[in-house]
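Fit chain B to the supplied structure of chain A, relying on the hints for placement.
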Amino acid sequence: MSQYLLSVHYVEGEAPPSDDVMQQMFADVDTLNQKMQAEGIWVFAGGLETPDTATVVREAGGEIVTTDGPFAEAKEHLGGFWVIAVPDLDAALDWARQATVACRGPVEVRPFQDEPEG
Amino acid sequence: MPWSRRGPSIPGRARGLNLAARATDDLDRVFREESGRVVATLIRVFGDVDLAQDALQEAFAEAARAWPTSGLPPNPGGWLTTTARNRAIDRLRRESSRDTRQAESARIESLRNLPEDTGPVPDDQLRLIFTCCHPSLSRSTQVALTLRLLGGLETPEIARAFLVAEPTMAQRIVRAKQKIKKARIPYRIPDEAELPDRLRAVLDVLYLIFNEGHSASSGPDLVRADLCHEAIRLTRVLSGLMPDEEEVSGLLALLLLTEARRQARTTRWGAVVLLAEQDRDRWDALLIAEGQQLVRWCLRRNRPGPYQVQAAIAAVHSDAVTVEDTDWIQIVALYDQLLAFLPTPVVRLNRAIAVAEVAGPAAGLALVEELDLHEYVPYHLARARFLELLGRSAEAVQAVDAALGHATNDPERRFLMRRRQELGPSDT
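From first to last, the protein sequence lines are chains A and B. Under my numbering, the first sequence has 112 at position 112, and the numbering climbs by one with no breaks. Just add 1000 to wherever you are in the second sequence, counting from 1, and you've got my numbering.
Bound conformation, chain A alone (with noise of 0.2 Å):
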C-alpha cells in the first residue's frame, strides 16, 4: 500500500459557497469519510480553518522567530486533506474524483516518500 494525500485548495478572496450548499458539502464529505474508513483506506482527514489563524514559527539567525499570518502569500491556500493508503495511483484518483465532488473544488494527488515498511 502506498499512501497520498489528498488536498483541497481555495481561492482567497472568492465568495464562500450558500449555507445550502456549504451544509451538503459536509454532509457529502461526512459520506465519503465513512466510505473510506469502511474500505480501510482511510488514514487521516481533516479542514482546515481560515489561513488568517496561522501561526509560522521560524529559525532565523539563531532565533526562533514566531510571527502572524500563513506562511505562503499566495492567494490559493490549504483548506484541508485526506491521507489514503491505497496500491497504486489509479486508486488514488478514483478517489479524488469523489473527492472534489464531495468538497466542490480542485484535490492535489501527492504521493508520500517511501511507503512504510510492513
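Among the hints, a few may not be true.
[Claimed, not checked] Some but not every residue of chain A turned toward chain B, in silico, with C-beta under 10 Å:
id	residue
1	87
2	88
3	92
4	93
Rather than coming from a laboratory, the hints here were simulated on the basis of the structure. We put the beta carbon where it would ideally sit given N, CA and C, even for glycine.
This is chain B only, laid out in the frame that chain A set:
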C-alpha cells in the same frame, strides 16, 4: 552506439554489401522491432524503468558483439529478454550485497526462475502504452515517453524531431520516469469502464506523433518522415494487440491514407501542393488499398468514432481519380457525423469547404464567416478561395495577406506568395 537507427531498413537492400554491413542492418532492424517489446516485459518483471532500459542496452551491446559471428538467434526477442534479465539480476545482486537482507536476495534469485526464452509478453507492451499515456502526465510528456520507451528512440532523436533542446527533452523524460516511480503510476491495462477514455489518449498521442512528422516541413525533413513511420509502426503494434477496437483500426487507416499522399503533398522544391492540385498518380496505391480495406472493416463493425470517420473521409478522397470525381455529398455527410464527435472550429471549416463544393462558394463563405479561427492559415485560404470564386478579388487578396501574417514556415510562405500573385494586385 550500435543500435542507433538510421531509418527503416529495406529487406534485401544490403544484399550487395559486405557481411558486416549486412549484419549491422539486421541488428538495426531487430533492435528497432524488439526494443519496445522487450523493455515492456523487463519493466513488468523488475518494476523499474531505468533498470529495464539499462539492462536492455547491455543486452543490445552483447548482441552487437555476438550476432555478427554467431548469426541471429532463432528467437531474437527471447534472447534479448533473457540476456537483459540476467544483466539486471546481476546488477541488483551487486547492489544488494552491501545490505544483506535475505528476503531481498531471495526475491532477486526468484526472478531468475522465470520461464526462459519465451520472449516478450504481448500484454506487457499494452500495459506500457497505457502507462506512457497515463492522464497524470502532460500530453508532451506522454508523446516523449511513448517514443522513448515503446519506439526505442534515443532522447536526442526525440528532441530533434520536436525541435526541443536536448537537455529539455532529457529532463522531461527523466521527470516522467520519476513520477511513474514515485507516484506509482500503475502498469496495467485499464478495465472496461475506463478503457474508452484511456484508449482515446493513446490514440491521440500516436496521431500527434504522426502529425508532427506530417505537418511543417521546417527542420530536418528526414527525421520528421521517421516520426510518421514510427507512428504507423506503433499504431500497427497497437492494432495487433487490440484487434477488436474499431478506433485503433480507424486511426491506422487514417494514418495510412494520409501517408499515401506524402509524395504528392510537396513539389520537388518543397512547396506545398493542395489536395485539389496534387498529382494523384503519385499517391501510394498499396497504402491506399490497405487503408481502404481497414475503413471497410470499420464500416461493417458499425461502431463509428472520430478516427474512423476521419479515415472514411480520407478514403473517399483516395477513391477519386480526379478532384472532379470526388463524392462531395458523401464527404459533407461524413463531416456532419464527425462534428457530432469533434465539434471544433477546424472540423467546421473543413465541412464548409466540402459544402462549397456541393452548394457553391456563397454557402461556404457564409459558414466560414461564423468561425473564430483568425490565427489559422487554412481559414484565410478558404475565405480567399470563396471570395475569389464570388468575384470579390480585392477581399480575396486581403484574406491571403491575413494568411501570410500567420504563416509559420517557408514552404507555406512561398505557397501564399504564389497564391497572392495569382489573385493579382490589390485594388487598394
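A quick look at each hint next to the structure:
{"no.": "1", "hint": "87", "result": "holds, 8 Å"}
{"no.": "2", "hint": "88", "result": "holds, 4 Å"}
{"no.": "3", "hint": "92", "result": "holds, 8 Å"}
{"no.": "4", "hint": "93", "result": "holds, 7 Å"}
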